[in-house]
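**Q** From just these sequences and the hints, can you work out the full model?
Single-letter residue listing:
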Amino acid sequence: MDAIDRRLLDDYQHDLPLSSDPFNEIGEHLGISADEVIARLHHLRQGGAVSRVGAVVKPGTAGASTLAAMAVPPVWLERVAALVSGYAEVNHNYQREHRLNLWFVVAAVNREAVGMVLDDISRRTGLEVLDLPMQQDFHIDLGFGLQWT
Amino acid sequence: MDVSARDLDVLAALGDGLPLCRHPYAELGAGIGMDEGEIIDRLTRLRQAGVIRRFGIIVRHHELGYRANAMVVWDVPDDQVAEIGQRLGRCPEVTLCYRRPRRLPDWPYNLFTMIHGKDRPAVEAAIALMAGREGVGHLPHQPLFSLRRFKQCGARYGQPRQAAE
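Same order as they appear, the protein sequences are chains A and B.
Numbering (the numbering used here) for the first sequence: 1 to 149.
Numbering (the numbering used here) for the second sequence: 1 to 165.
You may find that some hints are simply not true.
To be verified - Sample of chain B residues facing chain A (criterion: CB under 8 Å; computed from the structure):
| hint | residue |
| --- | --- |
| 1 | Asp16 |
| 2 | Leu20 |
| 3 | Cys21 |
| 4 | Met34 |
| 5 | Glu38 |
| 6 | Gln48 |
| 7 | Ile52 |
| 8 | Arg53 |
| 9 | Gly85 |
| 10 | Val94 |
To be verified - Using 30 Å as the maximum straight-line C-alpha spacing, the simulated BS3-like pairs for lysine-lysine come out as follows:
| hint | chain 1 | residue 1 | chain 2 | residue 2 |
| --- | --- | --- | --- | --- |
| 11 | B | Lys118 | A | Lys58 |
| 12 | B | Lys118 | B | Lys151 |
| 13 | A | Lys58 | B | Lys151 |
Calculated directly from the structure, the hints in this document are not laboratory data.
Note that the coordinates shown come from a computational prediction; the quantities given were computed from them, not determined experimentally.
Where a beta carbon is used, it is the ideal one built from N, C-alpha and C, also for glycine.
**A** Okay, here's the thing in structure tokens:
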């Protein structure tokens, strides 16, 4: 990752140009061609530093989502985690250090569809699923300030 | 603003990310029967209305060297949660700050903050610094460190499982 990659990541986490040829606009800003911007983004995505170029949607405005937690017996954790990750509606799924050791986010078109996924997971695993929907969002989203040193 | 079904189609199409090519909005629209102008108009409105909070490069903290994260959960009296939530939500250490319901007796915590750092000691130091600075260290709280990431991708809000009759 070089200085141009770092500027790309620093400057374009919030407002990608909404114009016909956005990577050309970015290239003009960085002093490289549009094709090079595209090649760098492909490379960063392949390397894993970039998940995607896209939208972070305010929770609760488009569709419905919730944070769910389960206390999974450790010997079952990998199997239950794989079952949970198998749902297209699940977009984050983490093991965390707590008795409630599996935490995942479920997003779907509406609250009823979210509930169906939670019920389905509970039925298939025989485990309780804690449903912790967001009630209020306090975060002022400034993106993620990367410290390069 | 009202988010229409067409808007949701655009957001759903964006779930896997914008195509990386010279005219990505035209390409995105081609998959869902919209022209480039309509895609750009809808995204511009959604961004301006705040439905889209950020539109751009979404990084993976872990791959950029931020290998530790903790979801720090707080048990805040209900009459203070709005004020304290707003305060913690502005802290530079915090990448997410949500109020969620308690589920007693198992789960007494009602405020969730996410903190990323290069390693576990860095996250622990950030939590201690923030708790002291904001005067919230006396509130019951617990850091739930991430041990393994099983899945991470963009939300797919998708379509209702059953079409309307």
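**Q** Next pair to validate is Lys118 of chain B with Lys58 of chain A; report whether the Cα-Cα distance is within 30 Å.
**A** Holds, at about 27 Å.
**Q** Using the nearest Cβ pair, does Gly85 of chain B come within less than 8 Å of chain A?
**A** holds (4 Å)
**Q** For the hint on Gln48 of chain B, does the least C-beta distance to chain A fall short of 8 Å?
**A** At 10 Å from the nearest chain A Cβ, Gln48 of chain B fails the 8 Å test, so the hint is violated.
**Q** Any CB of chain A closer than 8 Å to the CB of Cys21 of chain B?
**A** holds (7 Å)
**Q** Can you verify the interface hint for Arg53 of chain B: is its Cβ closer than 8 Å to any Cβ in chain A?
**A** Holds - the Cβ of Arg53 of chain B comes within 8 Å of chain A, reaching about 5 Å at its closest.
**Q** Hint Asp16 of chain B vs chain A: min CB-CB distance below 8 Å?
**A** holds (7 Å)
**Q** Hint check: is the beta carbon of Leu20 of chain B less than 8 Å from a beta carbon of chain A?
**A** holds (5 Å)
**Q** Does Lys118 of chain B pair with Lys151 of chain B here, judged by a C-alpha cut-off of 30 Å?
**A** Given that 30 Å is the threshold and the Cα spacing comes to 20 Å, the pair holds.
**Q** Report holds or violated for the interface hint on Met34 of chain B, using the least CB-CB distance to chain A and a cut-off of 8 Å.
**A** Check failed: Cβ of Met34 of chain B comes no nearer than 14 Å to chain A, outside 8 Å.
**Q** May I ask you to test the interface hint for Glu38 of chain B with respect to chain A, counting a Cβ-Cβ separation under 8 Å as satisfied?
**A** Cβ of Glu38 of chain B sits 12 Å from chain A, so the hint is violated.
**Q** Does Val94 of chain B hold up as a contact with chain A if the rule is Cβ-Cβ below 8 Å?
**A** holds (7 Å)
**Q** Taken at face value, is the distance from the CA of Lys151 of chain B to the CA of Lys58 of chain A at most 30 Å?
**A** holds (20 Å)
In the structure shown, a violation is registered for the earlier hints numbered 4, 5 and 6, in ascending order.
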